[in-house]
Amino acid sequence: MSETLNALRRQSKELSNLLKDIQVAIRDSNSLIAEITAPHTLGPDVKVQKWALLEHFLITYMEWNQLYSRYLEYFGQSDSHFPKSWRNLRFNCDQSRIAILTGAAFEELPDIINEQLQKNEGPGEPSDPIEWFHEIIQNGVSRRFTDLHSWEPVKPPQPKTKNLNQSSYLSVLPKKEKVKRALEILDESDLRYAIAEKWRGIGRELDNHKQLLHTKFNDTDNNTQADVDLFLRNYRHATLSVSWLEQSKQNNSPRLFMFDRGSESRMPIYGDFLRRIENVELPSDQYQVVQQVLNRITNAICEIGYGNFAKDITAQDFKGGSQSPLGSDAINLIPGEGTGMCCPTLVAVSQGSSKRSKLGFHKIMQQVKIHLTNCVGTTRVVIVLCDSWDASSFMDEHFHELQAHHNKGVEFIFLASGAPDTSLSLVNISF
Amino acid sequence: MKRQARQSRHSSAMAATKPLVRYIRWNQSNLEFHHNKRTTVDAGCFEELLGIDPPPMSIDQYRQRSLETVVNSWAEYEAVGWNPRKRGYNENRAFYVDDDLVTSITNIERREFVTCFHEAHECGKHFDHRYHDNDRSEAAIGNRRLKYIRDFKAKVKGKAIKKCKALRGVPNV
Numbered sequence: 001m002s003e004t005l006n007a008l009r010r011q012s013k014e015l016s017n018l019l020k021d022i023q024v025a026i027r028d029s030n031s032l033i034a035e036i037t038a039p040h041t042l043g044p045d046v047k048v049q050k051w052a053l054l055e056h057f058l059i060t061y062m063e064w065n066q067l068y069s070r071y072l073e074y075f076g077q078s079d080s081h082f083p084k085s086w087r088n089l090r091f092n093c094d095q096s097r098i099a100i101l102t103g104a105a106f107e108e109l110p111d112i113i114n115e116q117l118q119k120n121e122g123p124g125e126p127s128d129p130i131e132w133f134h135e136i137i138q139n140g141v142s143r144r145f146t147d148l149h150s151w152e153p154v155k156p157p158q159p160k161t162k163n164l165n166q167s168s169y170l171s172v173l174p175k176k177e178k179v180k181r182a183l184e185i186l187d188e189s190d191l192r193y194a195i196a197e198k199w200r201g202i203g204r205e206l207d208n209h210k211q212l213l214h215t216k217f218n219d220t221d222n223n224t225q226a227d228v229d230l231f232l233r234n235y236r237h238a239t240l241s242v243s244w245l246e247q248s249k250q251n252n253s254p255r256l257f258m259f260d261r262g263s264e265s266r267m268p269i270y271g272d273f274l275r276r277i278e279n280v281e282l283p284s285d286q287y288q289v290v291q292q293v294l295n296r297i298t299n300a301i302c303e304i305g306y307g308n309f310a311k312d313i314t315a316q317d318f319k320g321g322s323q324s325p326l327g328s329d330a331i332n333l334i335p336g337e338g339t340g341m342c343c344p345t346l347v348a349v350s351q352g353s354s355k356r357s358k359l360g361f362h363k364i365m366q367q368v369k370i371h372l373t374n375c376v377g378t379t380r381v382v383i384v385l386c387d388s389w390d391a392s393s394f395m396d397e398h399f400h401e402l403q404a405h406h407n408k409g410v411e412f413i414f415l416a417s418g419a420p421d422t423s424l425s426l427v428n429i430s431f
Numbered sequence: 001m002k003r004q005a006r007q008s009r010h011s012s013a014m015a016a017t018k019p020l021v022r023y024i025r026w027n028q029s030n031l032e033f034h035h036n037k038r039t040t041v042d043a044g045c046f047e048e049l050l051g052i053d054p055p056p057m058s059i060d061q062y063r064q065r066s067l068e069t070v071v072n073s074w075a076e077y078e079a080v081g082w083n084p085r086k087r088g089y090n091e092n093r094a095f096y097v098d099d100d101l102v103t104s105i106t107n108i109e110r111r112e113f114v115t116c117f118h119e120a121h122e123c124g125k126h127f128d129h130r131y132h133d134n135d136r137s138e139a140a141i142g143n144r145r146l147k148y149i150r151d152f153k154a155k156v157k158g159k160a161i162k163k164c165k166a167l168r169g170v171p172n173v
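Top line first, the protein sequences correspond to chains A and B. The opening residue of the first sequence carries number 1 in my numbering; numbering runs sequentially from there. The opening residue of the second sequence carries number 1 in my numbering; numbering runs sequentially from there.
One or more hints might be untrue.
[To be verified] Examples of chain B residues lying across from chain A (beta carbon under 10 Å, computed):
no., residue
1, 63
2, 74
3, 144
[As the list claims (entries may be wrong)] Simulated crosslink set (DSS-like; lysine-lysine; CA at most 30 Å straight-line):
no., chain 1, residue 1, chain 2, residue 2
4, A, 363, B, 165
5, A, 84, B, 165
6, A, 13, B, 86
[Unchecked claim] From the structure, some residues in chain A lie toward chain B, with a derived Cβ separation under 7 Å:
no., residue
7, 231
8, 427
9, 429
No lab work stands behind these hints: they were computed from the structure. It should be emphasised that the depicted structure is a prediction, and the values quoted were computed from it without experimental measurement. Backbone N, C-alpha and C define an ideal beta-carbon position, used for all residues, glycine too.
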C-alpha cells in the first residue's frame with residue numbers, strides 16, 4: 001500500500017475521535033470562549049476553549065478531506081476503493097463544517113480566528129529553516145481555512161437517504177409558516193453572506209502576509225532556502241499538493257509553489273526529450289499522449305523527487321490516469337499488475353541497480369524486453385526511468401536486443417534522475 | 001552485551017511512562033553550551049517563562065527546568081530531527097514537551113540530555129520574546145496543545161523530523 005493510503009487510514013482514526021468531541025461542542029450552547037473538555041482528543045482532564053477545538057477540527061478535516069480527494073485523482077482510484085466508514089466520516093464531518101461555518105451560533109468565529117492570527121504576527125523573522133517552513137505552511141493552512149465556508153457540501157454516502165432540500169420542505173408548510181420561514185431564510189442568507197465576507201477579508205490579509213514573507217524569504221541565505229525547499233517538497237508529497245492537481249482547482253498559481261526556489265529553471269526541458277521521437281511515425285493522438293506523459297513525469301519528478309515518484313507509481317494501489325504522475329492511462333506501465341492491452345507507449349520505472357531487486361534496473365529491463373516481444377508492432381515508444389546508470393552493464397546486457405527493436409521502429413527514451421533527485425536528464429544512446 | 005540489553009529494555013519500557021528523571025544527566029560542557037545559548041541568543045525567553053527577575057537564568061535553574069519538562073511532559077515521542085548547522089539529520093532521540101511548550105531532548109536511552117529549549121512559534125512569535133503567551137489558564141494550555149499537535153504533524157509531513165514514533169500526546173502521522 002502507498003504511504004498516502006496509510007496516512008489517510010491513521011488520520012481517519014484521529015478525525016473520528018475529534019468528531020465525537022465536536023458533535024458535543026456544537027450542541028453546547030455556551031459561547032465560543034467557554035471552556036470545554038475534549039476527552040477523545042486531549043483526555044478527560046484537559047480544558048480547551050470551544051473556538052480552539054472548532055478550529056482544530058476544521059483544519060484536521062480540511063487536510064484529511066483534501067488528501068482524500070487528491071488521493072483518488074493521483075492514484076486513479078474511485079471512491080468505492082475506500083471503506084464505507086470513511087465515506088460516512090467524510091459526510092458527517094462536512095455536516096459539522098457547514099454547521100460551524102454558517103451557523104448563527106458561531107458567528108463570532110471569524111473574529112476570534114482573526115484576533116489569533118494578528119497575535120501571531122510580529123516584526124521578527126524566522127531564524128532557521130524549520131521556522132521558515134513553519135511560517136510558510138501556517139500561512140498556507142490559514143489561507144485555505146478561510147475558504148472552507150465556500151466548499152461544496154459533500155453528498156451523503158447512501159443515495160437512498162432522504163435529504164429534504166429547501167423547496168420540498170417549504171412546500172409542505174402552511175402558508176403563514178411558509179412566509180415566516182422564507183423571511184428566516186433571507187435573514188440566514190444575509191448572515192451567511194456577512195460571515196463569508198469576514199472570511200474573505202481574513203483571506204486577503206493572509207495573501208498580503210504571504211507576499212511579505214516571500215520577499216523576506218528571497219533575502220535569506222542559500223542554505224536556508226535549500227533546506228526549506230527540501231521540507232516543502234516533502235510536505236507537498238505528503239499532502240499530494242502537486243501543481244497539476246492544485247491548478248485544476250483554482251485559477252491562481254498554487255500557494256506553496258511561490259516559495260519554490262528556481263523550480264522553473266530546474267525543470268528539465270521535456271521538449272528535448274520529445275526530440276528523440278521526431279522520426280517515429282505516430283498518429284497525432286499518440287504523439288499527444290507521449291507529450292502529455294513526458295510533461296507530467298518531468299513535472300512530477302521535479303516537484304516530489306524521483307524516490308517519491310517511483311514509490312507511488314509502484315505502489316499496489318496505484319492505477320494511473322490523467323491526473324496521476326504519469327499523465328495518462330493510455331499507456332503500459334512496468335512494473336504493473338496484469339497484462340492488459342498493448343499500447344503504443346510503454347513507461348518503465350526502476351529503482352537502484354541491484355540485480356536481485358524487483359525494481360532494479362536489470363529486472364525492469366528484462367520485463368521491457370518481454371513486453372516488446374509480446375507487443376511487437378504496437379509498442380512504438382519506450383520511456384525508461386532510472387536513478388542509476390551503468391553504461392558498460394547496459395552495453396553488455398541490453399543494448400543489442402534493444403537495437404533490434406529500434407531497427408523495427410521502436411524509439412527509446414532513457415531518463416536518469418540526478419542529485420538532488422528532482423533533476424532528470426536524457427541518457428544519450430545511439431543505436 | 002548486558003548493558004545493551006538493559007538499555008534496549010529501558011527504551012521499550014518507556015513506551016507509556018515517564019522515565020526516572022534522576023537517571024537523566026547533563027554532560028557539563030553541553031549544559032554550559034546550551035545554557036549560554038538560552039541566555040544570549042534567546043535572552044529573556046526562559047527568564048520570562050520561569051519568572052526570573054533579574055536575569056540571567058543560572059545554570060542550575062536551566063538544569064532544573066530541563067528535568068521538570070520531562071516530569072511534567074504531556075507529549076513524548078522519538079524522532080530523528082533536522083540539524084540546520086550540519087544540514088543533515090541527528091541520530092534518533094527522545095522528545096518531551098510540557099505545557100509551556102518547553103522541549104527537552106534526550107538521547108534515545110533517556111540517560112543524557114541533549115538540549116532544552118522553548119519551541120519558537122507555538123506560543124506566538126518568539127523572535128524578540130515580546131510575544132510570549134503568558135496565559136497559564138487551563139484552557140489556554142489546551143489551546144496550545146492543539147496548536148502544537150498541528151505543528152508537529154506539519155513537521156512530520158515536511159520531514160523536518162522523521163522516523164517518528166509517537167508515544168504520548170501526539171498522533172502517529
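Do the hints match the structure? See the list:
1. 63: violated (24 Å)
2. 74: holds (8 Å)
3. 144: holds (9 Å)
4. A:363 <-> B:165: violated (35 Å)
5. A:84 <-> B:165: Holds, at roughly 29 Å.
6. A:13 <-> B:86: Roughly 37 Å separates the two Cα atoms, so the pair is violated.
7. 231: holds (4 Å)
8. 427: At about 29 Å, which exceeds the 7 Å cut-off, the nearest Cβ of chain B leaves the hint on residue 427 of chain A violated.
9. 429: violated (35 Å)
The structure shown violates the earlier hints numbered 1, 4, 6, 8, 9.
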